[in-house]
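Given chain A, work out where chain B should sit, using these hints.
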Amino acid sequence: MKTKISLGAVFLVVTALASPGFAQNAQIGKLRGSAPVGKVLYRRYCVGCHGPQGDGNGENAAWIDPKPRDFTAAVFKCRSTPTGTLPTDQDLFDAITRGFVTTNMPPWKPLTNPNRADLVAYVKTFSARWEKERPGAAITIPPEPAVTIAGILHGRELFQKNDCWKCHGPQGHGDGPSAPTLTDSKDNPIRPYDFATGSRFKCGVSNQDLYRMFMTGLDGTPMPSYADTMQPADAWDLVHFLRTLQPFHTQEAATWRAWLPSHWEEIKAVGPDGGSGASQ
Amino acid sequence: MLRGFLIFRSPRKFPALASIVAFAAVAFAVLFSNIQPAYSLPLYRIRAIPAFARKYGLPCSACHTAWPELNNFGQVFRDNGYQLGNDHDSPIFQNPSYFPITFRVTPNWHRESTNHQPLDALAGNASSGLIDGNVVQHGFDLSGIDIWAAGTITKNISFSVLPSSNSSGAFHFENAYVRFGNLLNNHWLNLQFGKFELDNLISEKRFLFLSSNGGLYQNYHFVPVGDPNDFGLGVNQLGAEVSGHSDNSYRRYGVAVLSSDNGNVALPTNRSYDTYLTFSQAFEAGRLGLERLGVYAYIGERPTFFLTSAALSTPGAGSTTPIAGTGSGNKPFYRVGFSGDLFLGKLEFLPFFMDGQDSAFLATSTPADQPLPLGANAAAWNGGFVETHYYVTQQFVLLHRYEIIRMSQQALPGTPAKLGNIDGYSVGYRWYPIMFSRAGLAWHNEYSITRTQGAVPLSLDGVGLPPLLPTNGVWSSSILLGFDFAF
Numbered sequence: 000m001k002t003k004i005s006l007g008a009v010f011l012v013v014t015a016l017a018s019p020g021f022a023q024n025a026q027i028g029k030l031r032g033s034a035p036v037g038k039v040l041y042r043r044y045c046v047g048c049h050g051p052q053g054d055g056n057g058e059n060a061a062w063i064d065p066k067p068r069d070f071t072a073a074v075f076k077c078r079s080t081p082t083g084t085l086p087t088d089q090d091l092f093d094a095i096t097r098g099f100v101t102t103n104m105p106p107w108k109p110l111t112n113p114n115r116a117d118l119v120a121y122v123k124t125f126s127a128r129w130e131k132e133r134p135g136a137a138i139t140i141p142p143e144p145a146v147t148i149a150g151i152l153h154g155r156e157l158f159q160k161n162d163c164w165k166c167h168g169p170q171g172h173g174d175g176p177s178a179p180t181l182t183d184s185k186d187n188p189i190r191p192y193d194f195a196t197g198s199r200f201k202c203g204v205s206n207q208d209l210y211r212m213f214m215t216g217l218d219g220t221p222m223p224s225y226a227d228t229m230q231p232a233d234a235w236d237l238v239h240f241l242r243t244l245q246p247f248h249t250q251e252a253a254t255w256r257a258w259l260p261s262h263w264e265e266i267k268a269v270g271p272d273g274g275s276g277a278s279q
Numbered sequence: 000m001l002r003g004f005l006i007f008r009s010p011r012k013f014p015a016l017a018s019i020v021a022f023a024a025v026a027f028a029v030l031f032s033n034i035q036p037a038y039s040l041p042l043y044r045i046r047a048i049p050a051f052a053r054k055y056g057l058p059c060s061a062c063h064t065a066w067p068e069l070n071n072f073g074q075v076f077r078d079n080g081y082q083l084g085n086d087h088d089s090p091i092f093q094n095p096s097y098f099p100i101t102f103r104v105t106p107n108w109h110r111e112s113t114n115h116q117p118l119d120a121l122a123g124n125a126s127s128g129l130i131d132g133n134v135v136q137h138g139f140d141l142s143g144i145d146i147w148a149a150g151t152i153t154k155n156i157s158f159s160v161l162p163s164s165n166s167s168g169a170f171h172f173e174n175a176y177v178r179f180g181n182l183l184n185n186h187w188l189n190l191q192f193g194k195f196e197l198d199n200l201i202s203e204k205r206f207l208f209l210s211s212n213g214g215l216y217q218n219y220h221f222v223p224v225g226d227p228n229d230f231g232l233g234v235n236q237l238g239a240e241v242s243g244h245s246d247n248s249y250r251r252y253g254v255a256v257l258s259s260d261n262g263n264v265a266l267p268t269n270r271s272y273d274t275y276l277t278f279s280q281a282f283e284a285g286r287l288g289l290e291r292l293g294v295y296a297y298i299g300e301r302p303t304f305f306l307t308s309a310a311l312s313t314p315g316a317g318s319t320t321p322i323a324g325t326g327s328g329n330k331p332f333y334r335v336g337f338s339g340d341l342f343l344g345k346l347e348f349l350p351f352f353m354d355g356q357d358s359a360f361l362a363t364s365t366p367a368d369q370p371l372p373l374g375a376n377a378a379a380w381n382g383g384f385v386e387t388h389y390y391v392t393q394q395f396v397l398l399h400r401y402e403i404i405r406m407s408q409q410a411l412p413g414t415p416a417k418l419g420n421i422d423g424y425s426v427g428y429r430w431y432p433i434m435f436s437r438a439g440l441a442w443h444n445e446y447s448i449t450r451t452q453g454a455v456p457l458s459l460d461g462v463g464l465p466p467l468l469p470t471n472g473v474w475s476s477s478i479l480l481g482f483d484f485a486f
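Quick note, the sequences are listed as chains A and B, same order.
With numbering that gives the first Met the number 0, letter number 246 in the first sequence gets 245, and the count goes up by one each step, no holes.
With numbering that gives the first Met the number 0, letter number 468 in the second sequence gets 467, and the count goes up by one each step, no holes.
Since the hints were made in silico from the structure, they are not lab data.
By construction, the Cβ of each residue, glycine as well, lies at the ideal position given by its N, Cα and C atoms.
Hints may contain errors.
To be verified - Calculated lysine-lysine pairs in the BS3-like style (CA-CA distance at most 30 Å, straight line): (1) A/Lys160 with A/Lys76; (2) A/Lys160 with A/Lys267; (3) A/Lys76 with A/Lys66; (4) A/Lys185 with A/Lys160; (5) A/Lys185 with A/Lys165; (6) A/Lys108 with B/Lys345; (7) B/Lys330 with B/Lys417; (8) A/Lys29 with B/Lys345; (9) A/Lys165 with A/Lys76; (10) A/Lys185 with A/Lys267; (11) A/Lys108 with A/Lys38; (12) A/Lys38 with A/Lys66; (13) A/Lys108 with A/Lys76; (14) A/Lys76 with B/Lys154; (15) B/Lys330 with A/Lys38; (16) A/Lys165 with A/Lys38; (17) A/Lys66 with B/Lys154; (18) A/Lys108 with B/Lys154.
Claimed, not checked - To spell it out: a stretch of chain A is covered by chain B in this simulated footprint if at least three of its residues, at any positions, have a beta carbon under 8 Å from a beta carbon of chain B; those stretches are: (19) 45-55; (20) 94-101; (21) 171-182; (22) 215-227.
Stated by the list, open to error - Which residues of chain A face chain B? A partial, calculated answer using Cβ under 7 Å: (23) Pro105; (24) Pro106; (25) Ser198.
Okay, chain B solo, but in the shape it has when bound:
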């Protein structure tokens, strides 16, 4: 992951301060020199659909507080299967040249810094011993590209297909589903089938942060150190979902049955199924705006071993090979909590709380047909964040988020109590100089920093190694300046 970047070691003890200074300097330089920055987005990223703006002649701001985050009008549109409720919903209404497709890409400049990294004392000399140092990378970069087609097949039957690439052009299906809406002529009964985003009240697919550290919710992807559980609440999953909503989507629910493969296709791991339950209720608070509160519960399991076959292994290798999709010895985990979307006029609060637990077998990476290590427990933690958006205008939004994760119980008695704890802080702004019904462009500036206790920082660029000492907190920071555009 160090490809093409400048790398150096720094004895600085305050990478955050250094990053802030650098952020300000670069922001100034970019703003006044017309440099077009770029950056590498991860495979999963935020979404907005100008194809719908073109179809209905509405500006981005009709459906988005600040794109890609949905407002309630956009939520209703989505809940109704990409239908506004007028005759223009029908695909045959459209001019035949209309094609419901959207592209999105973000050229950018970004800087990543991670401290407490175990580095060779002499670069290129593996026997020189490891020292504690910083890794800093920066440069112009590209995101991947989203090529998203979505719309209605006929009345109340909608679809979405989203091939998405990383910055090197390797594609995967970020989502692909068909949705049957208003079953039995009732908007409380809709069926979605395929790969889709979980019905999270606070969407990670349509949020406003882009940097490597800030561009994901730590809570949505956290697992204890050493836990092989691959589940992420922010990852699109494979399965079927029954959902419903009131006329104005003030009240919503969702019940999903999902393959225990974390959205990975071709049945790579498990043969069991997870369940995701959500419910939210919104209410009007006069001039303050619309306030929404919701609860969620994800109950799943993951395999602890696989069927194997020596016939699949290299002869003489002395090992046997797991057979994909034969996950066995399933052990449970859960993520439960509540979240909200609260407005105080122009100020939006997004509070989130999670209580998570993974089985002792998962947390200690012990096959279920083997005995647990002595004194092993389920790993448990609590986490949450508060994200705030201040909409100065509909074309300029200030962003902030503070995130925290605390282990409440380690799986093994000798594990440091704080191992895996995370603190994250992100701040930035998005300015939308172009926000038409044909396309949109945002100038995005963001600084984000996380501190992970004794472990690899959870970051979208994948950079980072565990520190030499598990008692060390690893600081990882990101600066991103980018032109985020969709058309």
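Looking at chain A on its own, in the form it has when it is part of the complex:
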């Protein structure tokens, strides 16, 4: 009898471990997401765009630009993890909560926290990657240094040196020479971010979010990760410079605007010439 019970228990445990439902739970802090519950929610909220198979081919996909995310590829733009790795459950939870302001994806904050955790769990069932791989380790974001004009100017140099302007344009308007040629990993046309619109960034609003985007890249898009080529201090300088391109009353913008009128002749234009004439 004891043997029977033990074998039965082992069978149950093995079955549970092998079942996708068990494998695809989600853990966000103290919240535990359930894929079966998430499936019901997915069909209520998400299926119209992302499709019943999670492949981004919902009934509205044909009319949506940018196209909905294909969950079967398990490639996600907004992550705290290094490029090429899976995002954490918290990353997916944050993406659902925040939405993507330049796309059809709305912020789903009105859903309860458990509901969003359930959706995370279900989204993970669409790709076998989640069963074979573990999410990457979240990158470390060092403390943000003070905003200085020297840092902003250095960031501006990096913007030129790293060819950021080729996509985002010399003024950050998303109109660089490479912009018309850009495609995502599914060969759909994709537009670089236009800093002048004042729209939220895809993956957050804070300076930390912007820093994270440099260092993790936006997988599935032409935006690469600079984790291997850029030092943290440089990344912060670039963050501070990019803030000056936005139409906001930020500390970076105030510092830049206070300095610029008396020094505009000293700086060089960003762009193909890489250093002739003044630029603002």
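Okay, now just chain B, sitting in the frame of chain A:
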């Protein structure tokens, strides 16, 4: 209101049982014979907006628990002035061919039955005397049609215009307003101006019942017998509203100043203003879902007489004519209470409680410049309902509601204590075989019955007469089978 319907008198004492049997039989027949039923909706009716689903590419279920009832995501969208919070909110983002308009209509079959009706003993013979009998009507019918345009004019400025017709095509403006959202860049400050729905936690415009008896909340429209007060909590009102909400609309408030005309345009009655105050708070209850509780208070007044002019009257008629919009001798009334929207997983409870009171002048229909009848009091009552929805799936919902109104104080001492009391019961289901982001269709079945003590039943089809005896309870039942679709 008997137009085109079969009418007969029945001695049956159990119209409810008969109606249930008929309901089941007809439901069976319709389900298996592809008959497309129809029915006559009243002027005010429930709403859903596929135009927004088309705009954002979301299915109906994203904003509705079961359309047209809003879920919290839909509530946030509405609270934000029909904006989701992304770049697609802007009207200029849309393809120029996009037009934010929605149509809704409900062809149906329905049956209405009312007992204790005073009928001529011999039809067509007014001198034959009155007898107590039943009136039964049934047939295929049409609802009116809603042609609703709503959306954003620019960021944070939204609008809604809803011309709505009855089944014969007579239109009126069900709502028409402009809303300025996020004033001072703060979602706690929004201003709405025009004709709009009151900020009821349990909306009668977006609820799930359609039949003549069940398609309204008795509590939202009740006034004591003989009281000329025309106010209805479920009626769209004219005025201005300041409202606000937290980021996820878990906390909401509204303060409205409204003309005392019950939403009727062209200043037909009063020159005074009412106030409506609402507050609600929602909280997460883990796996149970989102629970919301709210309080409300409507404080208003209605005129008891008008300025008159014999110059407006027919010469020699011997009477004088009231001048519209000159209501005078205003007397107060109020409706206060609490309500909720509570989830236990797939089961949703909507509890509602109301305490209502009308001034003695209103309740006895006495002009304020005249003395009150001897012993007259303010009329007071309590009422409430519990409505439940069980969401079997997002495309199939079971419905139920029990409603009650009890007079706690009659205006005149000799009035039977129970006069005007109401009990209502409704049950049904809605099945949504089509629920896309372009259109939706629901198969709606509903049975509803009310018992009104000694008075005309409050029913959307307007059928019914007071019983011969005020001690009689009038049973009024409705069966409705309809295809409710919006596109």
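Here is how each hint holds up against the structure:
{"no.": "1", "hint": "A/Lys160 with A/Lys76", "in the structure": "24 Å, holds"}
{"no.": "2", "hint": "A/Lys160 with A/Lys267", "in the structure": "13 Å, holds"}
{"no.": "3", "hint": "A/Lys76 with A/Lys66", "in the structure": "13 Å, holds"}
{"no.": "4", "hint": "A/Lys185 with A/Lys160", "in the structure": "28 Å, holds"}
{"no.": "5", "hint": "A/Lys185 with A/Lys165", "in the structure": "21 Å, holds"}
{"no.": "6", "hint": "A/Lys108 with B/Lys345", "in the structure": "20 Å, holds"}
{"no.": "7", "hint": "B/Lys330 with B/Lys417", "in the structure": "24 Å, holds"}
{"no.": "8", "hint": "A/Lys29 with B/Lys345", "in the structure": "23 Å, holds"}
{"no.": "9", "hint": "A/Lys165 with A/Lys76", "in the structure": "20 Å, holds"}
{"no.": "10", "hint": "A/Lys185 with A/Lys267", "in the structure": "37 Å, violated"}
{"no.": "11", "hint": "A/Lys108 with A/Lys38", "in the structure": "18 Å, holds"}
{"no.": "12", "hint": "A/Lys38 with A/Lys66", "in the structure": "21 Å, holds"}
{"no.": "13", "hint": "A/Lys108 with A/Lys76", "in the structure": "19 Å, holds"}
{"no.": "14", "hint": "A/Lys76 with B/Lys154", "in the structure": "27 Å, holds"}
{"no.": "15", "hint": "B/Lys330 with A/Lys38", "in the structure": "56 Å, violated"}
{"no.": "16", "hint": "A/Lys165 with A/Lys38", "in the structure": "42 Å, violated"}
{"no.": "17", "hint": "A/Lys66 with B/Lys154", "in the structure": "24 Å, holds"}
{"no.": "18", "hint": "A/Lys108 with B/Lys154", "in the structure": "20 Å, holds"}
{"no.": "19", "hint": "45-55", "in the structure": "holds (count 3)"}
{"no.": "20", "hint": "94-101", "in the structure": "holds (count 4)"}
{"no.": "21", "hint": "171-182", "in the structure": "violated (count 0)"}
{"no.": "22", "hint": "215-227", "in the structure": "violated (count 0)"}
{"no.": "23", "hint": "Pro105", "in the structure": "4 Å, holds"}
{"no.": "24", "hint": "Pro106", "in the structure": "5 Å, holds"}
{"no.": "25", "hint": "Ser198", "in the structure": "6 Å, holds"}
Against the hints set out earlier in the document, violations occur for numbers 10, 15, 16, 21 and 22.
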